[in-house]
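Following the hints, put chain L in place on chain C, whose structure we already have.
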Amino acid sequence: MSEQSFWQFVTEQHEKLLIQVVQHLGLTFLSLFLAIIIGVPLGILIARKRKLSGSVLGIAGILQTIPSIALLGFMIPAFGIGATPAIVALLIYALLPIIRNTYTGITEVDPAVTEAAKAMGMNRKQLLFKVELPLAMPVMIAGIRTAAVINVGVATLASFVAAGGLGEFIFGGISLNSTNMILAGAIPAALLAVLLDQTIAVLQKSSYRSVKKLKYSIPVVLIIIGGVYLLNSTSDHKLKAGFTPEFMGRQDGDLGLRSVYGLDVHPLVVSDAIMYKAAYEKDLDLISGYSTDGRIKAFDLYVLEDDKKIFPPYFAAPVIKTKTLEKFPELEKTLNLLSGKFNDSIMTDLNYKADYLKQTPEKIAKDFLIKTNLYKDPRKGNSRIIKIGSKIFGEQYILAEIYKMLIEGYTEYKVETKTGLGGTKICFDALMNDAIDFYPEYTGTGLLVLLKPTAKTIEEVSKSPEKTFNYVNLEFRKQYGIQWLKPLGFNNAYALMMRKKQADELKVKNISDLKNYLDSK
Amino acid sequence: MITVESVSKSFNGKKAVDGISFQASDKEILVLLGTSGCGKTTMLKMINRLIEVDSGNILIDGNNIQSQKAEEVRMGIGFVMQHSGLFPHYNIQQNIAVIPDLLKWNKKKTADRTLELLHKLHLSEDLLSRFPSELSGGQQQRVGIARALIADSPVLLMDEPFGALDTITKADIHAEFKSLEELKNKTIILVTHDVQEAFDLGHKICLMDNGKIVQTGTPKEMLYQPKNDFVKNFFAQNKLLLEYKIARLKDVAFLVDSNRFYGDLQFSENTGVWDALQQLSAENSLSEDYENLVKAFNEYRKFQIV
Chain C
1 MSEQSFWQFV
11 TEQHEKLLIQ
21 VVQHLGLTFL
31 SLFLAIIIGV
41 PLGILIARKR
51 KLSGSVLGIA
61 GILQTIPSIA
71 LLGFMIPAFG
81 IGATPAIVAL
91 LIYALLPIIR
101 NTYTGITEVD
111 PAVTEAAKAM
121 GMNRKQLLFK
131 VELPLAMPVM
141 IAGIRTAAVI
151 NVGVATLASF
161 VAAGGLGEFI
171 FGGISLNSTN
181 MILAGAIPAA
191 LLAVLLDQTI
201 AVLQKSSYRS
211 VKKLKYSIPV
221 VLIIIGGVYL
231 LNSTSDHKLK
241 AGFTPEFMGR
251 QDGDLGLRSV
261 YGLDVHPLVV
271 SDAIMYKAAY
281 EKDLDLISGY
291 STDGRIKAFD
301 LYVLEDDKKI
311 FPPYFAAPVI
321 KTKTLEKFPE
331 LEKTLNLLSG
341 KFNDSIMTDL
351 NYKADYLKQT
361 PEKIAKDFLI
371 KTNLYKDPRK
381 GNSRIIKIGS
391 KIFGEQYILA
401 EIYKMLIEGY
411 TEYKVETKTG
421 LGGTKICFDA
431 LMNDAIDFYP
441 EYTGTGLLVL
451 LKPTAKTIEE
461 VSKSPEKTFN
471 YVNLEFRKQY
481 GIQWLKPLGF
491 NNAYALMMRK
501 KQADELKVKN
511 ISDLKNYLDS
521 K
Chain L
522 MITVESVSKS
532 FNGKKAVDGI
542 SFQASDKEIL
552 VLLGTSGCGK
562 TTMLKMINRL
572 IEVDSGNILI
582 DGNNIQSQKA
592 EEVRMGIGFV
602 MQHSGLFPHY
612 NIQQNIAVIP
622 DLLKWNKKKT
632 ADRTLELLHK
642 LHLSEDLLSR
652 FPSELSGGQQ
662 QRVGIARALI
672 ADSPVLLMDE
682 PFGALDTITK
692 ADIHAEFKSL
702 EELKNKTIIL
712 VTHDVQEAFD
722 LGHKICLMDN
732 GKIVQTGTPK
742 EMLYQPKNDF
752 VKNFFAQNKL
762 LLEYKIARLK
772 DVAFLVDSNR
782 FYGDLQFSEN
792 TGVWDALQQL
802 SAENSLSEDY
812 ENLVKAFNEY
822 RKFQIV
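Which chain is which? The protein sequence lines are C and L, in order. The first sequence begins at 1 in the working numbering and counts up one residue at a time. The second sequence begins at 522 in the working numbering and counts up one residue at a time.
Isolated chain C, as found in the complex (with noise of 0.2 Å):
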């Protein structure tokens, strides 16, 4: 894929792309239409009621300041996934620039002239809608403006809640470690916003009369764009499917499932942040995740039978520079010490932990240590300092905390841990520029999304952990002076699973029997 030329790329995936850009302009114009509709008459009422200002303005301006993942975190209990959560927390965002412009507007109007409209004998509508709006429409306008171009930003976030848009493809491009794909997402989306920044731009500049006229259509604008939005993001597929970025573009993953399965199942791109409390809530059906996610246990899924054998089971292991070793010489025989200690239930009941009983990585990493007789008091060293990286799930986040402790008890290093990266590709960027030292990855990972090697090489390397991690451990060397050090012992797969209750239901055992059952009518 990286010989592949950027245009390449968007020709070959220009309906993809072109239903994404629809997506993202329903959700800019959808959320920004309903906080016109709220924003205005509250700013309106503000403008009228001084003393309330204070407060709205408060609340909006609170509202905006929440991080916009935590925002959409926080409206999957209400609204579940898809194009709700994404559209209210959107309309969150562009509250405050609609209603402080409307009251700024109002309130800016030349007093003599309110006084000569009122001592006219206007009542309170007419001096609103023929003078006060009127007068205020350009920073209204202006208003509106920034809340657009706020809204094309944070809805390439939507992605995370399945509600599509951009950001499939940029977070899809950095989960998959594909440049191209980041920019096909990123470059329309940054077009989108000059864009609508320069329509909007034109209509505030021209006089209030043309924009009179063009007010009923721009609602009509909004609302089409809008509903073919929601039109096309109604489904109704049998199960409901959500599978993260990265699975979307692996060969054990959505790729495999449609050419060994001849399995379509019309997946949502969704964060694995949420995708199993998702599943859990039966706002989906059907999840690609981890075999040792703790959170399997915790949400009561059953992983199917991979019958015909897609998902290969891969080592976890640190991956660090030769050079790094060279620097910390104590480094690798101390990392090594986890070696083998390690299976696949350890590392699921470690998980469980943190994903069910909300231990802290803290507690699981020196409870874990002081089990396996490994724990040592830290020695408070002052020599150089060890970066830890770790990517964004519970089971990295325990990783790098056992890591750390591990260095601390046995070396004078210092440690720093960078966790919660985002996505391989950007562990992997991080270690390659040194901003991290090591991090732990998988070696499916490696081979499918960092090496990407011929199909006949990954069939002939597949064929067991052991010979999948030397082939990547050599071709790392090779490559980029990487090494993979000694396997942690548990084997990491991807693999597809439902709730089980759901699963006895249709008697789905493995990913045949789902096969079987989407294709009954």
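FYI, nobody ran anything at the bench for these hints, they're computed from the structure. Remember, predicted model here, so these are calculated numbers, not experimental data. Fair warning: there could be bad hints in the mix.
Selected chain L positions facing chain C (Cβ under 10 Å, derived; list incomplete) [stated by the list, open to error]:
1. Met522
2. Lys566
3. Asn569
4. Glu592
5. Ile598
6. Phe600
7. Gln603
8. His604
9. Ser605
10. Gly606
11. His610
12. Leu624
13. Trp626
14. Lys628
15. Ala632
Glycine is no exception: its CB is placed at the ideal position from the N, C-alpha and C atoms.
Chain L alone, transformed into the frame defined by chain C:
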């Protein structure tokens, strides 16, 4: 007729208007005169309920304004303000037509009336399609007056209407204003701090200070029978000019050859002495008449000062 009965108004505990009573008769221009902060504008705005009274009554033709809806009260009262208060987003035509639109006049009636007023106020028809910001201060003020006059309401309130104009423009508009037929049968209350304007335009003057009326009277009474030192001092600076302005030819007619002035020179009884002198001084050949009139005025003046 407008009757104001012991009206008071406080802002934040400070009395802006303190127990004021006065009456403005039909076809009369009553001037509320005073320095800034004396409460004259507050008083004016209570008449069309832009400001509500704390206590007291205001009656227009015997009807208490509190018993009607504020919008209805305002609709029957023309209002002219210092800064024209024209709507910046309306062109001149639309600005003048605001009240007709509120009253739902038909287009023809509005257009006819607009043209009529434009001619009376010496405004060009070309202005109709322009916006307020493209007009001079004097033009804007004339448009403001046209807007207030269009519905021919019997009462007109004017809040420092010429305050923002330069002296020359002001003199022009004053002259026009006095000769405007439209205004002759209205009750007008005009607020100003300009003593000359008060004497130029007012039939009756209420001199205000500190929220109270110090003296009410005709210009002549204010000048020659001041109630106290405050009134006397208020006019002291402009006294001589004001005396010339309020004297009419009929006042001094018994001291001059009235045939000459009314006949040959074609002045009328009501021509002001000041205006007559201005015209006579411009012609060298009339210098004798000029001197005669000055002499007569000086004689007349002696009788007035008690």
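Hint check:
1. Met522: Status violated, d = 21 Å.
2. Lys566: holds, 8 Å
3. Asn569: holds, 6 Å
4. Glu592: holds, 5 Å
5. Ile598: holds, 8 Å
6. Phe600: holds, 4 Å
7. Gln603: holds, 8 Å
8. His604: holds, 5 Å
9. Ser605: holds, 8 Å
10. Gly606: holds, 3 Å
11. His610: This interface hint holds because 5 Å falls under the 10 Å limit.
12. Leu624: At 9 Å from the nearest chain C Cβ, Leu624 (chain L) passes the 10 Å test, so the hint holds.
13. Trp626: violated, 14 Å
14. Lys628: Violated: closest Cβ of chain C sits about 17 Å from Lys628 (chain L), beyond 10 Å.
15. Ala632: Because about 19 Å separates Ala632 (chain L) from the closest Cβ in chain C, which is outside the 10 Å limit, the hint is violated.
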